[in-house]
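Peer 1: Add chain V to chain R, keeping to what the hints say.
Okay, here's what each chain looks like letter by letter:
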Amino acid sequence: MKELQTIRCLLAKNGEARFIGHLDLARAVERAARRAALPLAHTEGFNPRPRISFASALALGATSEGEVVDFTLREPVPVAEFLARLRPQMPPGLALLAAREVPAKGPSPAQLLRWSAYRLVLAGGPPALDWRAVVGGFLGSDECIVERAGKDGRPVLVDVVPLVRDLQLLEAEDGHAAVSVLLRAGGQDNLRPAELVQALAAFAGQPLTLKAVHRLGLFAEGPQGLVPLFEI
Amino acid sequence: MEATRASSWRDAIEAILPKVSKPARYLGNEWNSVHKPWGSVRVRFALCFPDIYEIGMSNLGGAILYHEINRRPDALAERVFAPWTDMEEEMRRAGVPLFSLESWRPVRDFEFLGFSLQYEMLASNVLNLLDLACVPLQSGRRGPEDPFIVAGGPCAVNAEPLAEYIDFFVLGEAEELIHELLDSYLAWCDAGRPGGRGGFLGRICAIQGIYVPSFYDVTYRPDGRIEAIRLNEAGREAGAPERPQRRIVRDLDKMDFPTRPIVPYTEPIFDRMMVEVFRGCSRGCRFCHAGMSYRPVRERSPEKVKELARELARNTGHHELSLVSLATNDYGAVQDVLCDLASDLAGTGINVSLPSLRVDAYSVELAHRVQAVRKSGLTLAPEAGTQRLRDVINKGVSEENYVQALEAAFRAGWDAVKLYFMIGLPTETDEDLEGIVRMAYQAVDIYRRVRGPKRCRLQVTVSTSSFVPKAHTPFQWEPQAPLAELERRQAYLKARLRHPAIKYRWHNPKVSFLEAVLSRGDRRLGKVLERAWRKGCKFDGWEEHFRYEAWLEAFREEGLDPFWYAGRRLAYNDILPWEHLDTGIRKEFLIDDHRAALRAAGKEDCRWDRCKLCGVCLDRPGVRIRLKPGDKVRMAKPGTASRAVSLAGEPCGGPGDG
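Protein chains in written order, with our numbering: chain R, 5 to 236; chain V, 1095 to 1752.
One or more of the hints may lead you astray.
[Claimed, not checked] Restraint ranges, calculated between C-beta atoms of paired labels, are given here: (1) ARG158/R to TRP1636/V: 44 to 54 Å; (2) GLU1493/V to PRO111/R: 52 to 62 Å; (3) ASP146/R to ARG1549/V: 54 to 64 Å; (4) PRO1112/V to SER145/R: 42 to 52 Å; (5) ASP1350/V to PHE50/R: 51 to 61 Å.
Quick caveat, the hints were computed from the structure, so don't treat them as lab data.
Virtual Cβ for every residue (Gly too), placed ideally from N, Cα, C.
Isolated chain R (complex conformation):
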């Protein structure tokens, strides 16, 4: 019985790679791993798939400096060698920032995920917006309801406030504003950047558009607060 090994990677997705959707990304990473001749473990059963596990799907159009991907190997490879073999096989715009070994039998990154950190660029107006007031208005509310399409197509009402943390206005100029924010992520409750924008639009009194989405990182919840998913 061979020793399984799991290596957790921090992956960046930038430049033209932002036009690659999640499924295509997963496929591209799988092929890169095969080209690197890494001894990937496979799932059992009728349709064996290599054991490559993403913490979360990144929306098409978004960039990121903090995607988390676990690779499970059927025989151990030193982390430095893993990186040296896989890095050259990555297509343009995709980069492996770091890698570390994690317990092979531990929970998957998707299971541990609780919060997603983003830098968002929004646009609004005319008339020119007081972005500070918009953000402040949201932060001062106890509840803010947006509509989301439910599984059967019927709209579901979602209170955005508990799903948002640390919303901060970074800069504002000429009808554009950049904010950083943590959005609830993972299985149970989660919030998408576009939904936050919908909520903010209520405070702006006009529609807002989401111009750019950049994921800063993914977080789990530790005993003392948030822990980067990559580190856990």
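Peer 2: Just chain V now, kept in the frame of chain R:
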């Protein structure tokens, strides 16, 4: 890579990409894509598959040419596909012309723009793409700054409807020809481009495989049939051949094969590595355009196939390998190669698949052994429902073959079987339709018999397409059944194939009708094609875009009757619109074979049985077949000893011998 993007268009394209579906297919920077600096080469070729990326990227021919051109230091090749309708709309709105994927440069900046004509219904896309590229539609209107427009692929042997829009066609296989073409181009440039565009066409028309339509004139009789197709004065002056001849590659092993194919981001329809194991088919099914136009059979050696497969796996990271050919398990050494390959690659999780299976137990067992890693659905193509009709079309499948194939399949564990048939075949009657029904139910019975009374998980999918008479086949004279009749036959099958385990799929007969018109069309259809395109016809092969009424209108406005093209029985002495193009198959053979078809006389594969003298091997110097009855055939390499075999199976001196 991004530095080679022409910056002026880059911003405009990047602004559009977030607005369209699957933007990754327009990136052009996939793994193994080749990016050469624009100024570092002397000639640039835009290779265009006139359908969307996901379809075009599964085309091996394009990948082969991409590789051939790019390995020349003096040339580069980039890819172009038809942008999907949402992307096209955005491009037209923003004034972005058709651009190549690798460098995002306008296609009109290339020296050559080549279209791959894989099926007839792509014709309107060709016009649409020329328009999107801002290249004048008619050859006669192009100037010194416009690229040369060339078209190749299987439909090039009858693409007369496109004659006015294409500068020259490539008939047959282009791997060797492309170098002769590019060398000739460079020589013409060095000489100061004498004669302009016409001068270049005059230079290349003597290359075997090149057909310049403007060097031939077509005249018509009062009743509409062709009176003559003749070399005209310009053609004579240029030294063009009376009958341009199809080009074939003699030795596949000598040809470079792309072992660094591009790895797409999005999912092409065949998302696999491909190794071509042989080209051509000697089965002789009478309806089959591919079988007739890719003759003779040429094999790649098993050692070469294995070597290529291993290299491909290393360079791509794909997990499925497809052994490509028209009927893989006719391949001589297939068993050794496959078992070897399968074991080699199994450890790395790579699945070997055989897309085309002969209908017999041997093939199924082979597929079972080979596809040990994963099982995809099993596809069999009996094509006709009765032995009589199968003999007419020369699809050599016996009832016994069929039953044994299914038994082997179900024993091996397959639960899903797809059965391909054609309707509207020559001499077909309702009895033959009943035959299809019987064969479908037979599959259910065999499944029950093999698997026992347990829950039936069988899914039989019966898929029918409509017969289309194709140029250069024995059935080229046959009419297509009228539309109403095709629809009646489909309804008949739909009514009779009612069973929970049986699903019936059929192709829109209106599309098949247009296909027949274009397939047997002459140059006059060019005007109809252009009108139809101007009315908005494009992506005709796509159900949601096919606009039948618009096509009919286009015909009416040009005063031409589509039914005249598709539904007429042609006479043996009619001059056919493709008569002047020589595929190497003798017209006498086609006539003989057609007569044999009407007598329901089936014929055996000419590699194992007697040669039928189709002509394709006889008058090509250096290409010999060594036939050993009951044994496998290898092409003898030029210069080695070989013997031609007469019709009676006796060795005799062949043409060109001694």
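Peer 1: If a hint holds in the structure, say so; if it does not, say that too.
Peer 2: Now the hints, each set against the structure:
Between ARG158/R and TRP1636/V the beta carbon distance is about 32 Å. The supplied range of 44 to 54 Å is therefore violated. The beta-carbon spacing between GLU1493/V and PRO111/R, approximately 58 Å, falls within the hinted interval of 52 to 62 Å. For ASP146/R and ARG1549/V, the Cβ-Cβ distance of about 56 Å falls inside the hinted range of 54 to 64 Å, so the restraint holds. Distance hint check for PRO1112/V and SER145/R: the Cβ-Cβ separation is about 31 Å, which falls outside the suggested range of 42 to 52 Å.
For ASP1350/V and PHE50/R, the Cβ-Cβ distance of about 38 Å falls outside the hinted range of 51 to 61 Å, so the restraint is violated.
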